[in-house]
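Colleague: The primary structure of each chain is shown beneath.
There are 2 protein chains.
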Amino acid sequence: MTKALIYGTGSIGSVYGYILHKAGVDVTAICRSNYEAVSKNGITIHSALWGDVHYRPHVARSVEESSSHCPFDFILVCTKAFGGRETALALQQVVSPDTAIVVAQNGIEVEKEYHQLFPQNTIISGVVWLPASPVEPGVVKMGAMERIEMGTYPAHVGSQVKVEQLASLWTLGGGTPIVHQDIQAKRWEKLAVNCAFNPMGALSRCDGANLLLSSEMADETVMGVLREVSSVAAAVGYEPSERFVEENMACHRASKQTGGKEQSMLVDVKAGRPLEVEAIFGNTVRIAKEHGVQVPRLEMLFCLAQALNFSIQRPPGRWKPLMS
Amino acid sequence: MTKALIYGTGSIGSVYGYILHKAGVDVTAICRSNYEAVSKNGITIHSALWGDVHYRPHVARSVEESSSHCPFDFILVCTKAFGGRETALALQQVVSPDTAIVVAQNGIEVEKEYHQLFPQNTIISGVVWLPASPVEPGVVKMGAMERIEMGTYPAHVGSQVKVEQLASLWTLGGGTPIVHQDIQAKRWEKLAVNCAFNPMGALSRCDGANLLLSSEMADETVMGVLREVSSVAAAVGYEPSERFVEENMACHRASKQTGGKEQSMLVDVKAGRPLEVEAIFGNTVRIAKEHGVQVPRLEMLFCLAQALNFSIQRPPGRWKPLMS
Chain A
1 MTKALIYGTG
11 SIGSVYGYIL
21 HKAGVDVTAI
31 CRSNYEAVSK
41 NGITIHSALW
51 GDVHYRPHVA
61 RSVEESSSHC
71 PFDFILVCTK
81 AFGGRETALA
91 LQQVVSPDTA
101 IVVAQNGIEV
111 EKEYHQLFPQ
121 NTIISGVVWL
131 PASPVEPGVV
141 KMGAMERIEM
151 GTYPAHVGSQ
161 VKVEQLASLW
171 TLGGGTPIVH
181 QDIQAKRWEK
191 LAVNCAFNPM
201 GALSRCDGAN
211 LLLSSEMADE
221 TVMGVLREVS
231 SVAAAVGYEP
241 SERFVEENMA
251 CHRASKQTGG
261 KEQSMLVDVK
271 AGRPLEVEAI
281 FGNTVRIAKE
291 HGVQVPRLEM
301 LFCLAQALNF
311 SIQRPPGRWK
321 PLMS
Chain B
1 MTKALIYGTG
11 SIGSVYGYIL
21 HKAGVDVTAI
31 CRSNYEAVSK
41 NGITIHSALW
51 GDVHYRPHVA
61 RSVEESSSHC
71 PFDFILVCTK
81 AFGGRETALA
91 LQQVVSPDTA
101 IVVAQNGIEV
111 EKEYHQLFPQ
121 NTIISGVVWL
131 PASPVEPGVV
141 KMGAMERIEM
151 GTYPAHVGSQ
161 VKVEQLASLW
171 TLGGGTPIVH
181 QDIQAKRWEK
191 LAVNCAFNPM
201 GALSRCDGAN
211 LLLSSEMADE
221 TVMGVLREVS
231 SVAAAVGYEP
241 SERFVEENMA
251 CHRASKQTGG
261 KEQSMLVDVK
271 AGRPLEVEAI
281 FGNTVRIAKE
291 HGVQVPRLEM
301 LFCLAQALNF
311 SIQRPPGRWK
321 PLMS
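Chains as they are written, first to last, in the UniProt record's numbering: chain A, 1 to 324; chain B, 1 to 324.
Fair warning: there could be bad hints in the mix.
No distinction is drawn between identical chains; accordingly, a pair holds when it is met within one copy or between any pair of copies.
Said to hold, decoys possible - SDA-like, lysine to any residue: derived pairs with alpha carbons at most 25 Å apart:
hint : residue 1 : residue 2
1    : K256      : P316
2    : K320      : G10
3    : K270      : S311
4    : K40       : P321
5    : K320      : D268
6    : K320      : H252
7    : K270      : K320
8    : K22       : P177
9    : K261      : R318
10   : K3        : P274
11   : K261      : E136
12   : K80       : L117
No lab work stands behind these hints, which were simulated from the structure alone.
Using the sequences and the hints, build the whole thing.
Modeller: Here it is in structure tokens:
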């Protein structure tokens, strides 16, 4: 029987665990804050796609505890993208020679640490399109859309069979996988959207629709960010098409009539949670610098998002009280 | 006896009324939200500069009510910079041929509407350096610093005698005036600071010190904004010196040790008040466009500040509820 470990059982991890469970996979979920709830009640998903569904994974408090269910064919990393190195190190004890690690996180080059630590394993990069939010511990709400784009990292390294196997399971479980020979092109496209709507929404407290409604210049400013990311991608050999930029904007522009949704970073701000700033912007700006690409809008958003993160976390010893 | 009208008796207007009152001027204050309190108790200022001081101006609810104290030698416009045209029109009934209008507001070209409506009157442009905040209606707190830079608008139009007279009264009242032949150079310098620290602080919820402490790139990003404003100023013949940029940054950098102060726009955000976005950015970006100066950082901040303003005000009929 195929075995999978879900590392990080938030909204995304909960849904992915369900898809694999439905495909007949033996699923173990590492649950931290929601361990008690999931142990007791399993996981419930209220979805427009499948209706209300429920499943019971094996539940573990930690990687160590999950090791009783080894060996895993797939490990899905579904946490927010903080400290890839630490996560990779923690997973060492449950990675077998045949384990494929699926990095289902935002950002660019978030797979790198896993590939460096497990050079013989297949690393599958997943680009997640799944708006979902927590309702209470062990209960998740999602809409009618689920799509995962996947491919090996780096492209053409690792087992294509593993990717095809995961995609088949995904389809079997009611999900929508798209396999790419070089997933990085897709990752850059998702990154462009994340770089624009996520921080701009979080900083201004606007969902995507209201951001575009807020002033005449909003549309062109967002487009300016998308195009800066495109120019960085182009510098490393990926050229997100203008069509993609236009299609994505068309979707957000349409929401000016229907109402929009709050991006995850705005949800995090409202909940006082740390923001995924470094994963989204850090590598992007670094790559831009290495290739001499000018990205003043990205730098401004990176700087502001870090400052917002700083004011949310107020790290002791670094945050300075106001002058009295 | 010299007569002055204070239009907008918030923190700045309250302090300026005190300075003129102490110089022997007959002061009338237009008080809207604080009419009852000021009528009953006058105005109290807790200041590090003069200690605790108190005075009683004539109090009026409106321009019309203030007209019983006409004619005014000086009218000081001390409101936030919203709708200059409306304010100018409202003041028509109390502007005499000999009245000088002092525009003590943030932004660039905020004096223009007054000059257009009162082309024969002397328009005095005031660049305000006065950190002060309201404590309760009729009570203001300020520190040890007060400085106003002043000159006619446009330069060399209107009566230099009026400017000198105002400066003399200011000194007599314990204030610190600096007269400039062309005040616009100073206005551009103040604008540069407003364009950087005000919106960046409001968006990230950081005072100046914590903004600079938040990441390694914060300093250079702020400098990038200051330099963009400098390049717009240079395009219209004003070249804020690099020394000014450095001096101002030095002051903010020093606050990383002592703790900073919250900029007025952050105070407004926290109080849920509308933000002075248009006055600070609107004309600046328009002038940049007219002269072909690239200002991607300013455009981003303008866009974000407008979006933040939009989410604070949620104007009915324009703000769209979230998709359910």
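Colleague: Compare the structure with each hint and give your call.
Modeller: These are the hints, each one checked on the structure:
Taking the shortest Cα distances, K256 and P316 sit within 25 Å of each other only across copies (14 Å), while inside one copy they are farther apart (41 Å). In this assembly of identical chains, K320 and G10 lie within 25 Å of each other by CA distance neither inside one copy nor across copies; the values are 33 Å within and 28 Å between. With identical chains, the CA atoms of K270 and S311 are at most 25 Å apart both within one copy (13 Å) and between copies (14 Å). With identical chains, the CA atoms of K40 and P321 are never at most 25 Å apart, being 43 Å at best within one copy and 36 Å at best between copies.
In this homomeric assembly, K320 and D268 come within 25 Å of each other (Cα to Cα) both inside a single copy, at 23 Å, and across copies, at 21 Å. Proximity of K320 to H252 under the C-alpha cut-off of 25 Å is restricted to the inter-copy arrangement: shortest distance 13 Å between copies versus 38 Å within a copy. For the homomeric pair K270 and K320, the shortest alpha-carbon distances inside one copy (22 Å) and between copies (19 Å) are both at most 25 Å. In the homo-oligomer, the alpha carbons of K22 and P177 lie at most 25 Å apart inside one protomer (15 Å), although the nearest pairing across protomers, at 76 Å, exceeds that limit.
In this homomeric assembly, K261 and R318 come within 25 Å of each other (Cα to Cα) only across copies, at 16 Å, whereas the closest approach inside a single copy is 34 Å. Taking identical chains as interchangeable, the C-alpha atoms of K3 and P274 are never at most 25 Å apart, the minima being 32 Å within one chain and 55 Å between chains. Within a single copy, K261 and E136 get their C-alpha atoms as close as 19 Å, which meets the 25 Å cut-off; across copies the closest is 39 Å, which misses it. Taking the shortest Cα distances, K80 and L117 sit within 25 Å of each other inside one copy (19 Å), while across copies they are farther apart (57 Å).
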